[in-house]
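Asker: Sequence:
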Amino acid sequence: MITNKTQQSGAGSNSMSSYLAPLVQQIQPSGIRKFFDLAAGSKDIISLGVGEPDFKTPWHVREACVYSLERGFTGYTSNAGMPELREGIAKYLQTRFAVEYNPENQIIATVGGSEAIDLALRALISPGDEILIPEPCYISYSPITAIGGGIPVGIETFGENNFKLTAEGLEAKITPRSKILILCYPSNPTGAIMSREDWEPIAKVVEKHDLIVISDEIYAELTYGSNHVSFASLPGMFDRTILVSGFSKAFAMTGWRMGYACGHSDLISAMLKIHQYTVMCAPSMGQVAALEALTNGMEEKDRMVDSYNQRRRLIVKGLRDAGLECHEPQGAFYAFPSIRHTGLSSDEFAQRLLREYKVAAVPGSVFGLGGEGYLRCSYATSVAQLNEAVERIGVFVRQLEQERTE
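Take the sequence shown: its letter number 369 is residue 369 in UniProt numbering, and every next letter is one higher.
These are computed hints drawn from the structure, not numbers from a lab.
The reader is advised that the hints may include incorrect statements.
[To be verified] Here are the simulated PhoX-like pairs of lysine-lysine, each with C-alpha atoms no more than 25 Å apart in a straight line: (1) K43 x K91; (2) K301 x K56; (3) K273 x K317; (4) K317 x K164; (5) K179 x K164; (6) K358 x K91; (7) K204 x K173; (8) K208 x K179; (9) K56 x K43; (10) K301 x K358; (11) K43 x K301; (12) K301 x K273; (13) K179 x K56; (14) K204 x K164.
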């Protein structure tokens, strides 16, 4: 049977592609991982590619995990997560962002924020539903939407407006099939944030068209100069918002894969059904570590944010000095400079920068509408590395200018 299938595929006896779902075959591999993998193959490459803190998880967080293992805490927790962790998340969100959730039925601990987004979309999407996604954005939203049977609809945002979503831009993309709006502020890849004044007209459009919102707030703690405003805290938005966040960025816990989702009990209950049958529960030792981070990790978190802020100022100045226009990111840990005037596409610029000057950054085109002509540079790396990277970028830009005049 397998032999016949593979022969019919015309791809040779080692091909199994004929068994794959057409939808999965159409999905492109991650453009971010492509450049990360290229950078990982050489020691002299400076990587500004992957959005991962260069800090280690604080020692007391690791120690809490080790102690839990020594005590034999290696079994399942409840599907929604340890009650103590859910209570800690509820207290944290109320204290930091003025949103109040019931830990018993409005919070679920997930395997990273990515699982939370996937659960929310699968619980909400009916075939043909349109999912509104401000772009440039995190590259997973559109593929996960498509896998869930929805239709991703990009809403372009613009550097001239600091990549903020506007009510006019949102309204222009809404149709009778629009159901969900995915938000991600502070933004990956642009570093944009939204103030309460920015959010208020968006909330009116959401209410007018009876949309559900998935608000990815994974970078909520990484803001510079102003505090994060949770979309769920706006009048009338609490019940219609699923707040997604996690521990990866703020607490340097990417590999722990710990996230959470919060929302109306009906929505969380539906997500929990899927969670039960797919991953059962988030890792028990990761939950212990996450609770320790929330309970005793704020000082380390603040020190990391201060360091990112220093690097943010350094890279923006360095990129501007290198001859690239760069809006000032107010959140996350990415700069998003324009490379349009060089005459190269984002992919061409990134490929040559990597090949000729050993600096890995991500072409803006992989992040959707409005990303072409930009480059995502993560500044979650050392000051020495950043200084060297912007110096190499400057040399490259000057080389390109010389090439155009020859």
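Asker: Looking at the structure, which of the earlier hints fail to hold?
Answerer: Structure breaks hints 1, 3, 6, 10, 11, 12 and 13.
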